[in-house]
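Quick mapping for you: the protein sequence lines, in order, are chains P and E. Taking numbering that gives the first Met the number 0, I'd label the letters of the first sequence as residues 0 to 222. Taking numbering that gives the first Met the number 0, I'd label the letters of the second sequence as residues 0 to 222.
Keep in mind the hints are simulated off the structure, nothing from the lab. Take these hints with a grain of salt, some might be off.
Which copy is meant is left open, because identical chains are indistinguishable; a pair holds if it fits in one copy or across any two.
Unchecked claim - Straight line, CA to CA, 30 Å or less: simulated DSSO-like cross-link-like pairs of lysine-lysine:
(1) Lys6 to Lys188
(2) Lys201 to Lys31
(3) Lys181 to Lys60
(4) Lys160 to Lys11
(5) Lys201 to Lys188
(6) Lys137 to Lys160
(7) Lys188 to Lys11
Letter by letter, the chains look like this.
2 protein chains.
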Amino acid sequence: MNADTVKIIDLKESILADNDADAEVLRGELRKKGTFYLNVMSSPGSGKTTTILALLKELPKDIRVAVMEADIDSDVDAKTIAAAGFDSVQLHTGGMCHLDADMSRQGMRELPGDYDLVILENVGNLVCPAEFDAGASKNLCILALPEGDDKPLKYPLMFEKSDCVVINKIDAAPVFDFDMEKATEAIHKRHAGIPIFPVSAKTGEGVEPLAAWLASEVWAWKS
Amino acid sequence: MNADTVKIIDLKESILADNDADAEVLRGELRKKGTFYLNVMSSPGSGKTTTILALLKELPKDIRVAVMEADIDSDVDAKTIAAAGFDSVQLHTGGMCHLDADMSRQGMRELPGDYDLVILENVGNLVCPAEFDAGASKNLCILALPEGDDKPLKYPLMFEKSDCVVINKIDAAPVFDFDMEKATEAIHKRHAGIPIFPVSAKTGEGVEPLAAWLASEVWAWKS
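Chain P on its own, in the form it takes in the complex:
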């Protein structure tokens, strides 16, 4: 895909009263089509785009993948993904702080092909996106090491709703007082047993096991 031709889609606010029911419908449709939908959430600047890029490079090549980049404004992220050679669309929320199932559907409609995996980069926000079921097969949350090991205690719902946590920017560990054991304990207090992947999306460290987890989830979804 050419970065200059990236589509920008202005999302309309959903009129459906029952987003939870709609999210279940979307999940059913996607399972039937064999499309795994990964919802990536984090605070602003935790490295969502960089992590997605690193993941795309490590995923098995036979997985057909597209990325939806949600942002309040700007189109830099979708261009970054397209420049790496992957299908992507830019979703503009027009100030809205989250995506729901119907907005997911609006975005998917604009993707040009059929995919085994659609990745959504949600709006950077550790609060609101956790409250709205986007209809995803799985939710992934990124916690960047500079944000501190106490975030799972302060933003409990995000960690409860996530199926996988990525701890990003581990290359910056020497300059921050981040206690990996304390973070792991706090995450598991919110969501017992969920997988935690310490990575540096920048250097690529730790991305392989994360890609393996995602690939296995994609194949399990299709079987």
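With chain P fixed as given, assemble chain E onto it according to the hints.
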């Protein structure tokens, strides 16, 4: 104040339809009382509490100050402030992603004294708090250097509504590709001419000029 006796206030959702009008009323009341109200906003983990603590230590001792720590859950931040010897209350939003004027009022009512300066640490969120006028005299936004220099482009409203931007964690500059000039330009594109203070709340670097700015705003408010 004793950290063990920190009050926890469960905020009630406001029933007022017109928050903007209510915020103006609150601002008027506070000006009459001579209380400057500073609303501190940022992403989760940008260092709001640490910056507030560093500020408290640098402020002139004749400014009577209290801190309201808003959080979805947990009471660690108010305890941290109280342990440093300052009056503080913990506000629980019960899942809400922002504070508005009426919630500010609910918190102030529980503070034990009269103050020249009340500092609110808003919920960690770079989106929603910008949409709700808390009735503050001035809004301060913290951008942590690890979050990247592109954030003002992606979260425009936060920077438009802020009166002052702190760029925190500058001690981590060697391990991040953060372009201070680019960040300054992006911030001023959103809000021409607003003051920007690069600081390390951890080491104290740059906190003095920030404290001087705040002190001058407090005195200007009372005159």
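Status of each hint after checking the structure:
1. Lys6 to Lys188: This pair counts as between: shortest inter-copy Cα distance 25 Å, intra-copy 41 Å.
2. Lys201 to Lys31: Neither. Shortest intra-copy (35 Å) and inter-copy (52 Å) distances fail the 30 Å Cα cut-off.
3. Lys181 to Lys60: Intra 36 Å, inter 36 Å, cutoff 30 Å: neither.
4. Lys160 to Lys11: both (25 Å within a copy, 24 Å between copies)
5. Lys201 to Lys188: So Lys201 and Lys188 pass the 30 Å test inside a copy (29 Å) and across (28 Å) alike.
6. Lys137 to Lys160: within (9 Å within a copy, 35 Å between copies)
7. Lys188 to Lys11: between (37 Å within a copy, 27 Å between copies)
This entry does not satisfy hints 2, 3, going by the numbered hints stated previously.
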